[in-house]
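Peer 1: Please work from the sequences and hints to get the whole structure.
Heads up, the sequence shown is in my numbering, so the first residue is 1 and it goes up one at a time.
Where hints are given, some of them may not hold.
Label pairs and their computed distance ranges (CB to CB) [what the hints assert, rightly or not]:
{"#": "1", "residue 1": "Gly225", "residue 2": "Arg108", "range": "19 to 29 Å"}
{"#": "2", "residue 1": "Tyr354", "residue 2": "Cys69", "range": "42 to 52 Å"}
{"#": "3", "residue 1": "Ser231", "residue 2": "Lys346", "range": "16 to 26 Å"}
{"#": "4", "residue 1": "Gln359", "residue 2": "Ser134", "range": "45 to 55 Å"}
{"#": "5", "residue 1": "Arg108", "residue 2": "Glu285", "range": "40 to 50 Å"}
{"#": "6", "residue 1": "Ile199", "residue 2": "Ser151", "range": "34 to 44 Å"}
{"#": "7", "residue 1": "Gln359", "residue 2": "Arg108", "range": "34 to 44 Å"}
{"#": "8", "residue 1": "Asp357", "residue 2": "Asp317", "range": "10 to 20 Å"}
{"#": "9", "residue 1": "Trp218", "residue 2": "Ser330", "range": "17 to 27 Å"}
{"#": "10", "residue 1": "Glu83", "residue 2": "Asn185", "range": "42 to 52 Å"}
{"#": "11", "residue 1": "Glu189", "residue 2": "Ser117", "range": "24 to 34 Å"}
Please keep in mind that the hints were generated in silico from the structure rather than gathered at the bench.
No residue lacks a Cβ here, since even glycine has one placed at the ideal position from N, Cα and C.
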Amino acid sequence: MDCFEENDVNSGSAIEMSSTHDLIKYVRGSVFHGCEVVWGSVNKFLPSGLLQKVNTKPMSIRLPISGLCNLTYLNLSNCNLGEGAFANEFGYFPSLVTLNLSGNNFVRLPSGIGLLSKLENFNLENCKRLQELSDLPSNSILDLRADGCTSLKYLFDASNLNRLNKSYFNFINCFNLNGNQGCNNIAFEMLKTFIYQAISNKRETFQIVIPGSYIPDWFNHWSFGCSLSISLPAHWNNSQFMGFALCAVFVLHEHQRVDELYTYEFKTFNATHHLVCCLKLDGRELGVYGRQPAFRFSEKFCQVESDHLWLFYVSRDKYFGIEWWPNSSSQVEFLFETRGPGLMVKECGVHLIYEQDVQELNQTTTQ
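Peer 2: In C-alpha cells:
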C-alpha cells in the first residue's frame with residue numbers, strides 16, 4: 001500500500017492498517033480528509049506497543065505525521081498520552097476541525113494547539129491530570145468540552161475570547177476551579193469580556209457550564225424555579241439593545257445506572273439530559289423550535305455532581321431575528337425546560353444588555 005486515493009476512503013470512516021509499513025504510509029498521506037485515525041487498532045503494529053493501554057505509565061509519542069495537512073478529524077481519546085505528547089507537532093494539522101484528546105494523562109495542553117486556526121470541536125473530557133488550559137485554538141468558533149477534568153485549576157486569560165464569535169465551554173465537575181477565582185467569578189469574567197467585544201464586533205453566542213450554586217449579582221432579574229417573567233420598558237428594543245444574558249442553576253437529584261439511561265430521544269446529540277431556554281412575548285411562544293439556546297450532556301461520560309451554573313449570551317438577532325422583538329411587546333417570559341431523569345432548575349436569571357450597560361460594567365470592573 002504505497003498511497004491512498006481520496007475516493008478510497010469516505011469522510012468519517014475508520015482505517016485499520018495491516019502492518020507498520022502501512023501505518024507509516026498512512027500517517028504520511030495527505031488525502032484522508034475527514035477520516036478517523038483508530039489508534040487503538042494500530043497500537044499492536046507499533047514497536048513495543050508505543051501507545052500503551054490505560055492505567056500504565058503515560059507515554060509521549062512521536063510519529064511521522066508531517067503529511068497530514070488535510071486531516072480534519074483526529075481521535076486520540078484514551079491513548080494514555082502523557083506530558084510532552086506530540087511536542088510542537090500540531091502545527092502539521094492546519095486543517096483540523098475536530099480533535100478528541102479525552103481520557104488522556106497530560107498535565108498541560110500539548111504545545112501547538114494555538115496554531116490550529118480551523119479547530120472548532122475540542123474534546124478534553126476526563127483528562128483527570130489536566131491542571132491548566134493556557135491556550136486556545138486561534139479560531140472564531142470553538143466548542144471546548146473539559147467535563148470531568150477534576151484537577152483543572154487554571155484557565156486561559158479572558159482576553160483569549162476576543163477572537164471568538166461563537167464559543168461553548170463545558171466544565172462539568174471541574175471543582176478545583178473554585179481554588180482559583182471561584183467558578184461564578186470565572187464564568188462572569190468570561191461573559192463580560194465576550195459581550196464587551198460585541199459592541200464593536202458582532203458576536204453571536206457565548207455559553208459556559210461550570211460548577212456554581214448562585215446567580216451572579218449582575219443579573220438584575222432572577223427567580224427561584226425554572227421560569228422568569230419581566231416587564232419591558234417602552235422602546236426597549238432600540239439601536240443600543242445588543243441581546244440578553246441568561247443563566248440557570250441546575251442539579252441532578254438522582255443518578256441512574258449507565259445501562260438504564262435512555263438516549264433515543266437525543267440520539268442526534270448522544271445525550272441523556274437536555275436543558276433548553278424557551279421564550280414568550282406577551283404570552284406567545286416564539287415558534288423557532290430547534291434554534292433556542294440549549295445545553296445537552298450525557299451522564300454516560302460524566303456524572304454531574306452538585307450544583308452547576310449554565311450561563312450564556314445570545315445576540316438580539318442570532319436566534320430569533322429582529323422580527324421577534326417588536327417594541328409593542330410589554331412582557332417577556334423565559335422558561336427553562338428540562339428532559340432527562342432527575343434534572344431540575346433551582347433558580348434562573350436574566351439581564352437585557354445595552355451598549356451603555358456594558359461600557360459602564362467594563363469601567364467599573366477595571367478600576
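Peer 1: So, for every hint listed, does it hold in this structure?
Peer 2: Consistency of the hints with the structure:
Separation of Gly225 from Arg108 is about 41 Å and departs from the stated range, judged on CB atoms against 19 to 29 Å. Our hint of 42 to 52 Å for Tyr354 and Cys69 holds, since their Cβ atoms are close to 45 Å apart. Between Ser231 and Lys346 the beta carbons are some 24 Å apart, a value that agrees with the proposed interval 16 to 26 Å. For the pair Gln359 and Ser134, the supplied restraint of 45 to 55 Å is violated, since their beta-carbon distance comes to about 29 Å.
Separated by about 46 Å at the C-beta atoms, Arg108 and Glu285 satisfy the suggested range of 40 to 50 Å. Against the hinted window of 34 to 44 Å, the Cβ-Cβ separation of Ile199 and Ser151 comes to about 36 Å, which satisfies the hint. For the pair Gln359 and Arg108, the supplied restraint of 34 to 44 Å holds, since their beta-carbon distance comes to about 36 Å. Judged by the Cβ atoms, the range 10 to 20 Å given for Asp357 and Asp317 holds: they are separated by roughly 18 Å.
Our hint of 17 to 27 Å for Trp218 and Ser330 holds, since their Cβ atoms are close to 24 Å apart. In this structure the supplied range 42 to 52 Å is violated for Glu83 paired with Asn185, their Cβ-Cβ distance being about 29 Å. The hint said 24 to 34 Å for the Cβ distance between Glu189 and Ser117, and at roughly 25 Å that hint holds.
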